[in-house]
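**Student:** If you want the building blocks of each chain, they are given just below.
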Amino acid sequence: MADRTKAAGIALKALTGLACILIIGMVAIILGNILINGMPRLTLDFLTRAPEGGMTAGGIFPAIFGTFALVILMTIVVIPLGVATAIYMHEYAPRRSKMVQLVRLAIQNLAGVPAIVFGLFGLGFFIEFIGRGMDRVLYGGDLVYGQPAILWAALTMALLTLPTVVVATEEALRAIPQSYREVAYSLGATRWQMIRRIVLPQAVGGILTGGILAISRGSGEVAPVMFTGAAYFLPDLPTRLNNQFMELGYHVYVMTTQSPDVEATKPILYSTVLVLLLLTFLLNFTAILIRSQIRKRLRYGR
Amino acid sequence: MDASAVTGQKQENPAVIRTEELRVQAGGEPILKGISLEVQRGEILSIIGPAGAGKTTFLRCVNRMAELDPGIQVSGSVTLDGRSIYSQDVDVAMLRRQIGTVFSVPIPLPMTIYENLTFGLSLSNHPRSAHAGLVENALRAAYLWEEVKDRMDEPARNLSGGQQQRLCLARALTLVPRVLLLDEPSSGLDPISTAKIEEALQQLKTDLAIILVTNNVKQAARASDRTAFFLFGELIESSPTEQLFTKPRDFRTADYISGRFG
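Residue numbers (the numbering used here), protein chains in the order written: chain Y, 2 to 303; chain E, 115 to 376.
Keep in mind that the hints were calculated from the coordinates and are not lab data. All C-beta atoms, glycine included, are put in the ideal place defined by N, C-alpha and C. There could be a bad hint or two in this list.
[Claimed, not checked] Using 20 Å as the maximum straight-line C-alpha spacing, the simulated EDC-like pairs for lysine to aspartate or glutamate come out as follows: (1) E:319 / E:250; (2) Y:297 / E:250; (3) Y:297 / E:267; (4) E:147 / E:351; (5) Y:297 / E:268; (6) E:319 / E:348; (7) E:263 / E:297; (8) Y:267 / Y:53; (9) E:147 / E:348; (10) E:147 / E:183; (11) Y:14 / Y:4; (12) Y:99 / E:183.
[Unchecked claim] Heads up, incomplete: computed chain Y residues facing chain E, CB under 7 Å, no partners named: (13) 96; (14) 180; (15) 184; (16) 187; (17) 188; (18) 194.
All chains, please: the whole structure from these sequences, using the hints.
**Tutor:** Structure (structure tokens):
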């Protein structure tokens, strides 16, 4: 009997260990494969030129720029919106209010909606409804905003990442001791002063963590932007909010499925995927740097 | 209480804080069952009583912090200098600036010592040039000036527990309040820190009305001019401290101060 328990113990340890090794192995294979096949073409030329010859030559600069611009626009929208939502729910709304329960339910559902549905929603709501509406009212029916554009893609992406920011901010707000709020009130703070002077500085780390997660998600998603603004091929960079743009993830998708010459495209494809990974890491890393700078400035915080 | 004595006192030294029939319910449960008390400038009123007597709730009604908790209902009247603090036109933030509060555990805000002290000032339109003077006065009054005058830019949490509580006292004093509320201010402190706070209170009371909630019967006997005894949300007795401790009128007061319960 004792032998059997012992054997079961060893087997279990082996199985759980194996699961871990499997994960590490998969990551190593994916990254290794991309690195080995992607490195040779990863030249400065590749990073700074537009695609040529039907994606079989040239670089991917417009896609890098487009992804950057998209993520930054998205961040500008999603952080204020997400933080405001979380602050209302946690600091203003009465506890156990129907409104908050409804918002929370909506956010949970939003988090569960497939990315492609966001893409279709963006097409239907932002472009067809808002964009066309703006064109009718402001531009006498000329086609200005009623078409796929980086603005609509960024808004769609912001909706997709909204739950992440709301949840992270709420966590951060929950972690602030209630006693800090009471001290602020006892010293004559209004609610808004209390939020601005105590809550926001204390929550900024958590808010930025939410931002980082949103950026990670946003810079890799293809489905939300494929109907709302990403272009198949567009050597010009977006300079206005209603311009279309190239996006790395979408570019990968296009090269995989639409290339006239699969073999010629393959090395470019590998390098593009590598760049996409590096860019995601870079964006993440920058956000983490900003967070640690802010934390250092608030070194008396938690 | 002798009615003529009250009116006699009122003429020379009117009550700063007066509560009448103050009742509080939380989710239908009564916490305070009609408390009528007053405190004047120049005196320290201590409130004693076992846990659950409603001492803290009483304080939280005076600075209108009670309403921050959901499900709390306050009725009856509380006046500051004769004006109801629960009337519609009262600016709660302005009111709280006139009522300093020290909590039972030191709560330094996550900032420097100086930022803690100027926090209240910076919320209103006090000119920045006046901050340093108000901070120094408050620190001297809290017997903390000598210990922190060269450490103003250190994080407040670097201070010891006793220093932190005096910092919290000083922080409340920077706004030059009319009333000071202390909720068991020395519950976690060593005897020396406690003594310093009590000494500070004796100096402060010339300009202030002070309400001191304490679990420590000896502290009430030492530090206060009048003592009120609360039990299960009722005011059992309030008398000059010496009288309450030597000749309590109610047997429950006698039992409590002699340590037979609570």
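**Student:** If a hint holds in the structure, say so; if it doesn't, say that too.
**Tutor:** Structure-based check of each hint:
| no. | hint | verdict |
| --- | --- | --- |
| 1 | E:319 / E:250 | holds, 18 Å |
| 2 | Y:297 / E:250 | violated, 28 Å |
| 3 | Y:297 / E:267 | holds, 15 Å |
| 4 | E:147 / E:351 | holds, 14 Å |
| 5 | Y:297 / E:268 | holds, 14 Å |
| 6 | E:319 / E:348 | violated, 26 Å |
| 7 | E:263 / E:297 | violated, 26 Å |
| 8 | Y:267 / Y:53 | holds, 14 Å |
| 9 | E:147 / E:348 | holds, 5 Å |
| 10 | E:147 / E:183 | holds, 18 Å |
| 11 | Y:14 / Y:4 | holds, 15 Å |
| 12 | Y:99 / E:183 | holds, 18 Å |
| 13 | 96 | holds, 5 Å |
| 14 | 180 | holds, 5 Å |
| 15 | 184 | holds, 5 Å |
| 16 | 187 | holds, 4 Å |
| 17 | 188 | holds, 4 Å |
| 18 | 194 | holds, 5 Å |
Comparing the model with each earlier hint shows violations of hints 2, 6 and 7; every other hint is respected.
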